[in-house]
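Colleague: Listed here are the chains, written in short residue letters.
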Amino acid sequence: MNDPQQGLDVLWIILCSGLVFLMQAGFLCLESGLTRRKNSINVAIKNLADFCLTTVVFWVVGFGLMFGASRNGWFGTSEYVLDFSLQSPFFSVFFLFQVMFCGAAVTIMSGAIAERMRFSSYLIVTVAVSALIYPSFGHWAWAGLNDGATNGWLNSMGFVDFAGSTVVHSVGGWMSLAVLLIIGPRRGRFAADGTPQKIHPSNLPLATLGTVLLFIGWLGFNGGSTLALNDQVANVLVNTVIAGSVGAISAGLLGYAIQNRLNVTQFMNGCLGGLVAVTANAFAVTTPVAALIGLVGGMIVIGVEELLEHYRIDDAVGAIPVHLGAGIWGTLAVGLYGDLNILGTGLTRLEQIGVQLLGVVVCGLWVFGVGYFLMKAVNRVYPLRVSAEHEDIGLNLAEHGEQEEHDIIWPDAEVVASTRDAE
Amino acid sequence: MNDPQQGLDVLWIILCSGLVFLMQAGFLCLESGLTRRKNSINVAIKNLADFCLTTVVFWVVGFGLMFGASRNGWFGTSEYVLDFSLQSPFFSVFFLFQVMFCGAAVTIMSGAIAERMRFSSYLIVTVAVSALIYPSFGHWAWAGLNDGATNGWLNSMGFVDFAGSTVVHSVGGWMSLAVLLIIGPRRGRFAADGTPQKIHPSNLPLATLGTVLLFIGWLGFNGGSTLALNDQVANVLVNTVIAGSVGAISAGLLGYAIQNRLNVTQFMNGCLGGLVAVTANAFAVTTPVAALIGLVGGMIVIGVEELLEHYRIDDAVGAIPVHLGAGIWGTLAVGLYGDLNILGTGLTRLEQIGVQLLGVVVCGLWVFGVGYFLMKAVNRVYPLRVSAEHEDIGLNLAEHGEQEEHDIIWPDAEVVASTRDAE
Amino acid sequence: MNDPQQGLDVLWIILCSGLVFLMQAGFLCLESGLTRRKNSINVAIKNLADFCLTTVVFWVVGFGLMFGASRNGWFGTSEYVLDFSLQSPFFSVFFLFQVMFCGAAVTIMSGAIAERMRFSSYLIVTVAVSALIYPSFGHWAWAGLNDGATNGWLNSMGFVDFAGSTVVHSVGGWMSLAVLLIIGPRRGRFAADGTPQKIHPSNLPLATLGTVLLFIGWLGFNGGSTLALNDQVANVLVNTVIAGSVGAISAGLLGYAIQNRLNVTQFMNGCLGGLVAVTANAFAVTTPVAALIGLVGGMIVIGVEELLEHYRIDDAVGAIPVHLGAGIWGTLAVGLYGDLNILGTGLTRLEQIGVQLLGVVVCGLWVFGVGYFLMKAVNRVYPLRVSAEHEDIGLNLAEHGEQEEHDIIWPDAEVVASTRDAE
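Chains as they are written, first to last, in the numbering used here: chain A, 1 to 423; chain B, 1 to 423; chain C, 1 to 423.
These are calculated hints, taken from the structure and not from any lab test.
Take every hint as true, because none was put in to throw you off.
One copy or two, it doesn't matter: identical chains are merged, so the pair holds either way.
SDA-like mimics (lysine to any residue), calculated; alpha carbons at most 25 Å apart, straight line:
#1 LYS198 / GLY401
#2 LYS376 / ILE124
#3 LYS198 / ASP392
#4 LYS376 / PHE119
#5 LYS198 / ALA257
#6 LYS376 / VAL61
Input sequences plus hints: build the corresponding full structure.
Modeller: Have a look at this one:
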């Protein structure tokens, strides 16, 4: 390294890349634990497969589109299929960090659409998001991030999204919504008269482990978004831990007030909601404000869950409440509570709130709009959803020809379960 | 950062905070794996819930009590509800690290008291420990730690507990004992004539994964307690790995000598015992001495296990043998083997042993004493233990209204199991 | 620390040691998930036990043999049973890193030979590998690594194996092969007429989690092998992530072409194959070449799997295809594609290819040769394999007297499963 500070920055980004990578393990545990055993293998392998595919696609196309030299703030025109052996250490670890971010945005979907989507279709969505949808919006909001420029058109208007409440989480959330509206709810999730029915998770301790791993990984997700080991890092980390903790407690208490017991899934999702909410603003708010942002984030998760159920949208793990609901809130909170000096956009508070709202709306229009019509088109020629029969058999067997020992010992158990669910 | 060394120190404490956070995942896996499936969700969510609650309580009350300006070495009077956006980076990451430590102290209990305690009661204990019991003793032993002062009354007498064999582990262990004496053993753990009966764990591979995660996290637990990336760190880490490994082997061999087979739970707990034992002294002993400390630590775990069973105290995961038994040993080992120059207390070896013993006794009196009477009082107005009926049904359903797919497919399996256990 | 760069290097090696430690958790999950429930505890505890035993043995014997002052490039003669409290920080963390590497080499075997080997025999193999087989070859290839010398005889001939495609992975693979040829396939793995039969894994989501943890840990495995936070690190990390991702995709596609579905185990092993393949050369190739190396690595995994099945060698988790197959390929790829200036051996490309081939052959002769005859000798006086009866009962119960709750609830389930497997 040329000088120690550069070494510290490189080491910091590597550490944070590893932590964000750990979130992939967290999502795997969370999603696999919250779904049924007959689909568990499919859910788990999707998390590894989308990461691997995203890495290659983002290297070939996405990174250039997102961080290449900007054409009028709309898309990048260089840095495609880079050879990193010729790049500076910092730029290479910046790529590493961004690959992990793209992987996170994609993986958010895998939980929402679980238990009914074809594996191959999911890979198509993965490519669409990592090659086009994510890096495009990412360019608008984050282009020039690595060299201190503000090249993206949203960015140059003053839109601030520190670690991606919108760029990563809302993108994943909107895309989930688009796909869910196309493929519909799981069989048995809503009775014929529309009454929601509980689909029981296979392994809640695994899901809780996933939540803890996600929480740990979030230290890197938010902490690394400074892109340097600077004086902001420590405050970012404290705010992250406080907001996640308060989010869990607020969702837990609200759930308790409604149901008179601690709903463990809501507690977990509240924690994640608090983390998503503080993601956009962790560098620019005080500790008490971070607690407030987490508090509201946890409550929003519960509210959006109710909303989805009301509209019979079947998000298998609560990805939309967590990543879209709390993501929008966190992005607006930048305008509401962010220290204007730290934001450094030169806008008044009202203008800042306005441009944050603009970013939220643009993200929705772009991701949901393009996502919905693209996937609708794909769905015509290549159905995204498995057949009803395959759904009943379970995706482990239907999609991967895979059975666990368990299925051999009690061959009829899953079928019994499916039938009960579907009744 | 002002200078590279400060940057290194901050980065080191952040890394170690992440590693100690990983111990939360380790405890979750260990405890959930060692208990029965009908309680597994309750056990898992307790690990997340106590962390989140501890974070908030420690921020509001505990941190100030423990590290605020000292009133005669007895309690801290400042630093409550701090806004860390106004603090130095080092102080903020110091808080982060200490939050994780407080979380560890609390989580130690969650395993011991598993499978019979009300979730809400557990939260009350969590608050008592993180707001009062842990930070008070912590102040006596560690106040001024962050700025090189020795403000706590035990600390200024020369009591040395490097990373918390007493401050963290024994506190967790004593508190576990206090609560266990109040709530009593699980139904079926001891027959009517007092004969101990095996309660079979649900998932030993998960418990083993938990042990490995704890071992990894311990690198941060001990390594970070230097509070700086200084020349002691490497020796601390080597001693930690050696003591943990030797502890596992010694407990394994001793168990083998008694039972003529490798008892896997004892092997795991021996590993943890070796780690707890070296925690107080890792910075001040040689590698061979660390091996000796681990060796004895592993054997103590087995001995205390026997003792608890003899007195019909039902520690569901062996938390007391590991954290209290080996914790006391490790604290005394500071006096027995610590390099007096490195300890730097100016005491003779005999005096050092004496003050270590004093610290051990004070911890027991304070934590067990206050813990027992406080919880006894709470227990009168708000019973800590679930009803026998709820215990038989399992805490997943009784406390959280939660069932896994498994319970739906084989609705009677758990009840059958409970009945067999209770017979 | 004396200067900031030394601090950065020490911190980097500590971080990477932690990451390689995480691979132990990854192997545990992968191997436990891919095997049957009746052996799951045995598989899991082996991963912890071999690490603990390796740590002690490597400290006492292995480290000195591998990195002590060289006797003519054949073996080390100093640094046995070191007291690291007297060593420099860098040298101590170098030991820490090397302990983790030795642990990885040993653990590779534990998966291959799962479900039929006595626990005590496995510990004998562990000692043989960590005290003699691994550190001897390691000396030839890596002696002087830590101080920039090239003392090992293979090393001084110009053999380059950056992070151990041969030194670690092939050693584990060859040793697995040697032991497998002695103990033979699991009962029921091949029918009487030799037809291979599927033995169903117990928990594929856990195995997938293991793969993700291994992938994360590999950042440290390869990244830390620079032994300094230098300008090569970033390129190494990018190459690692790209090769692992491409390996998964290539194995997945090849498997799909053959079986018309995504075989999840092949996808996971392809990922690991890509990672093993890039391990020897990550510092000396460009990003596109890393992709190519991963591509071939993934395909080799599938090919070697077929080969093993053809010869009725029963590798329970695919350790030989991954670690030996891709390990040989990666070592040769150093000669084929490595930048000769970066390699810095002064050899022509053809000479470099020759010496890489020599290293591969020497590794095979030494590890397989010594391993086979040593274990054959042990097998005469102390059979490595459990009895057929114990194999049917399962190693959990037979070796550790351990049953999970599950076995109590459905006492006959495992036996039923065994019988079906054996039919």
